[in-house]
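Trainee: Chain residues, written in single-letter form:
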Amino acid sequence: MNLPTLSNWRTWEPNPIVVKELRQAVRSWAITGMLLVFLTILFFVTVGFLLGESFTINPNQALGRDIFQVFLPVLSVVGFFFIPIYVAGRLTAERQEGNVDMLYITTLSPARIIRGKLLCGIYLTVLFFSVCAPFMVFTNLLRGIDLPTVFVLLTIAFLLSVLSLQAAIFLSCLPASKGLKILVGAPSGMFMMSLVGMMVAMSSEMMREGVGSRLGTWDFWGPTLSALLLGLLLFGFFHLAAIALVSPPSANRALPLRAYLTGTWLLTLGVAVAWSVSGGSLEPMNSWSSVVTGGLIVALLIAVSEGDDVSLRIRRTIPINPMKRALAFFFYSGSAGGLAWACMLSVATVLLGALATQTDWLNLLGSAAAGRGRAAWVTTGDEFFFAWVPGVLFLYTLAYALFGLFIHRRFQPHRSPIFAGLCSVALPALWAIVPNLVLFFVNRLSWDALQERQLGNIFNVFALKDRAFIADHQLCAVFLAALGLVINLSWFRQQLHAFQPVPRAEPAAPVTPPPL
Amino acid sequence: MKVQVRGLHKRFGKTVAVDNFTFSFDNGHVFGFVGPNGAGKTTTMRVIATLEEPTEGDVLINGVSVREEPEYARRSVGYVPDSLPAHNDVTVHEYLDFYARAYGLQGAKRREAVGAVEEFTGVTGILDKHLKALSKGMKQRVTLGRALVHNPDVLILDEPAAGLDPRARVELRELLMVLATQNKAILISSHILTELTEICNGVVIVERGKLLESGTVADVLKKSTPHRAFAIRVLGDAAALVKELLQTPHVINAREVSGEVLLELEGEESAGCELLANLVGKGFKIAEFKQSKANLEDIFMNVTKGGVQ
Chain A
409 MNLPTLSNWR TWEPNPIVVK ELRQAVRSWA ITGMLLVFLT ILFFVTVGFL LGESFTINPN
469 QALGRDIFQV FLPVLSVVGF FFIPIYVAGR LTAERQEGNV DMLYITTLSP ARIIRGKLLC
529 GIYLTVLFFS VCAPFMVFTN LLRGIDLPTV FVLLTIAFLL SVLSLQAAIF LSCLPASKGL
589 KILVGAPSGM FMMSLVGMMV AMSSEMMREG VGSRLGTWDF WGPTLSALLL GLLLFGFFHL
649 AAIALVSPPS ANRALPLRAY LTGTWLLTLG VAVAWSVSGG SLEPMNSWSS VVTGGLIVAL
709 LIAVSEGDDV SLRIRRTIPI NPMKRALAFF FYSGSAGGLA WACMLSVATV LLGALATQTD
769 WLNLLGSAAA GRGRAAWVTT GDEFFFAWVP GVLFLYTLAY ALFGLFIHRR FQPHRSPIFA
829 GLCSVALPAL WAIVPNLVLF FVNRLSWDAL QERQLGNIFN VFALKDRAFI ADHQLCAVFL
889 AALGLVINLS WFRQQLHAFQ PVPRAEPAAP VTPPPL
Chain B
21 MKVQVRGLHK RFGKTVAVDN FTFSFDNGHV FGFVGPNGAG KTTTMRVIAT LEEPTEGDVL
81 INGVSVREEP EYARRSVGYV PDSLPAHNDV TVHEYLDFYA RAYGLQGAKR REAVGAVEEF
141 TGVTGILDKH LKALSKGMKQ RVTLGRALVH NPDVLILDEP AAGLDPRARV ELRELLMVLA
201 TQNKAILISS HILTELTEIC NGVVIVERGK LLESGTVADV LKKSTPHRAF AIRVLGDAAA
261 LVKELLQTPH VINAREVSGE VLLELEGEES AGCELLANLV GKGFKIAEFK QSKANLEDIF
321 MNVTKGGVQ
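Sequence lines, in order, name chains A and B. Under the numbering used here, the residues of the first sequence are numbered 409 to 924, in order. Under the numbering used here, the residues of the second sequence are numbered 21 to 329, in order.
The following block holds chain A by itself, in its conformation from the complex (with noise of 0.2 angstroms):
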């Protein structure tokens, strides 16, 4: 971290993407006019609003409430659109131009490369805050609104930015076109639209019960931290990704990444139990258990499109004691240690989303922790259904995704490995599209034929007609993915050997140069 400390502030200098970003962004017009743009609505609104109560006999006492209401969306949409937009839409370009490409010959790391992108954006973000903050202080005076609302507010809306911030930089590092990445960025626009409504929503409850009341209670900051925690563990997930992808496809790209995730999936689990114990309830567990098999699935397809050669960088770096090669194994890049990675995971989170429902752990963690006489919860046929779910779904993915790595070493090899990753998506896709068109066409196809049982769908788990079914989808994907570890077993074992130190060669004898 290149950071001023008093041994270097005489020397220290910044980050040169923040250097050249900011130039840039003091001459760009998009800034420049954001900016008055973004003055002008708060001048008129708070005008207006300030003229219309001036018609008015009895005085409005939230006249300030009213105006924050306005100013928070608009600062919202700059803070979570406007500027990772800006930011994302440079380096996106930089990368299809081949400017970006110049950096990595210089001195510069991938990873100084992204936090100069992201701090140019956080300085961007604290100027538009830095420009609304006045405003909104303003509104405490009008009433309506206490000031400890109006910071702690702001803070939400300020990390918030960021992480979007952060986001947008990592789907512009994506290896992908143009078009492709505005296809992936509209869901996150949308989701991030939704944040905006979900803002208001938030600040129109918080102005209402006030937050000053709130802020030495729990209630306030259970909530609120483990809040905080989801975000900084997504940012940090963001960040680390985009630097992995800027990196060259030499350097262990995946080591970081994977020591990251299991680093929190740890750190959910502990939140998860923390919460389950305190509330009462499997919710949290369940929820934990969903999110994170979803998660390891997207990481499985990632794994299968990774290549099976490890560059010569990487190999000098594998250990070479046993148990240190063996763990190294699971963590660096390569096609094999990232599936076995993310089932070692899997299998624990689903084992440990099921213990859950099977025994009272929870309940004698949460009377040994409190003592409190909390009312020991049962669990229900539901929860049991919904645990074993996310243990099928990943089992089902982990069986195509196998099958679509053996189509690919087997048949295709000269395929880029991306085509493994492709095979993994379509299999599935097929098998739970063609079975439905034969139904179609021979005039069969119902709701109730597509909530049958449909084995080897992976959809049909989600529209099941009797919850019995899982058993069999259970039996089923248990089938699909023993098969396919049988077929790629020689392709692992291959793998594994393969897997071994490169000891640093000697320095050869120079060539002799020609006489001139």
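The hints are simulated quantities; they were obtained by calculation from the structure and are not laboratory data. Accuracy of the hints is not assured; some may be wrong.
[What the hints assert, rightly or not] A few chain A residues that face chain B, going by a derived Cβ cut-off under 10 angstroms, partial list only:
{"no.": "1", "residue": "P424"}
{"no.": "2", "residue": "R431"}
{"no.": "3", "residue": "R435"}
{"no.": "4", "residue": "S436"}
{"no.": "5", "residue": "I513"}
{"no.": "6", "residue": "L516"}
{"no.": "7", "residue": "S658"}
Glycine residues also receive a C-beta, built at the ideal position from the N, C-alpha and C atoms.
Fit chain B to the known structure of chain A by using the hints.
Mentor: Quick look at chain B alone, frame taken from chain A:
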């Protein structure tokens, strides 16, 4: 020893872009890297500049592998790509200053380095101009400045003269000649072989991903054209001279072209002297006798087969 390319392979899917390239060049060498489009020149240069990783083989810079220590290579290599900077909101000075910062130069050292490069490349008069407003030649100077800002020992230039007008080409060539005298190891690719002839003392010829020849220009010339070519202008009967030449030992070929007799001769340079003395002795009135110097273009045409991939 500066740069050793060893058994370099690079594949893109089924396409073999670079197939077992091995060559080397040193301080003060200016090596021309010639070959038709798709021969693997840019890929090799990108590998040396650490922008690509080779499938097999390695490049050693001062004995350090670019695969194992790319950071070291980046400090030692200045790379001029075949594309020009396209920023529309960055001035020349800011651009060079940014790259100096990116290479870790700080404070006064950075200002000195940027100033020196601006002066060397002759861009001091356009420091506040935006890159987009520059001519191609000026952009090329700025790109060269960017590659030189951290004072690298090795300079890799990919088609630096492409699209430049004659004056800009001459100016670029002069800059490169100055750099060669500064003891830098330079690898330069170009399609304009006559340009390279004047500045290169070594050559690497590639075609369809295969290395055909490499070494000093004289060595490659010797290998690719084993016979010496001479042109004779004679006063009187040229046909008789041709007849006489065809009967002379070591003369491979002789023909009359536009009043001159062109011939190819086996042996060392002294064989030409002996031939001249022989002809004069036999009463031929030789008005002109000159050895034709082969240039890179001749070597290229002799060595390559005209295949592309």
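Trainee: Each hint: holds or not?
Mentor: Okay, the hints, checked on the actual structure:
Interface restraint check: A/P424 against chain B, minimum CB-CB distance 4 angstroms, threshold 10 angstroms, status holds. With its C-beta approaching chain B no nearer than about 6 angstroms, A/R431 sits inside the 10 angstroms limit, and its interface hint holds. Satisfaction of the interface hint for A/R435 is found here, the shortest Cβ-Cβ separation to chain B being roughly 5 angstroms, below the 10 angstroms cut-off. Proximity of A/S436 to chain B holds as hinted, the smallest CB-CB distance being about 7 angstroms (cut-off 10 angstroms).
Taken as an interface hint, A/I513 checks out: its beta carbon lies about 5 angstroms from the nearest beta carbon of chain B, inside 10 angstroms. Checking A/L516 against chain B by beta carbon gives a least distance of about 5 angstroms; that is within 10 angstroms, so the hint holds. Proximity of A/S658 to chain B holds as hinted, the smallest CB-CB distance being about 4 angstroms (cut-off 10 angstroms).
Checked against the numbered hints above, the structure violates none of them.
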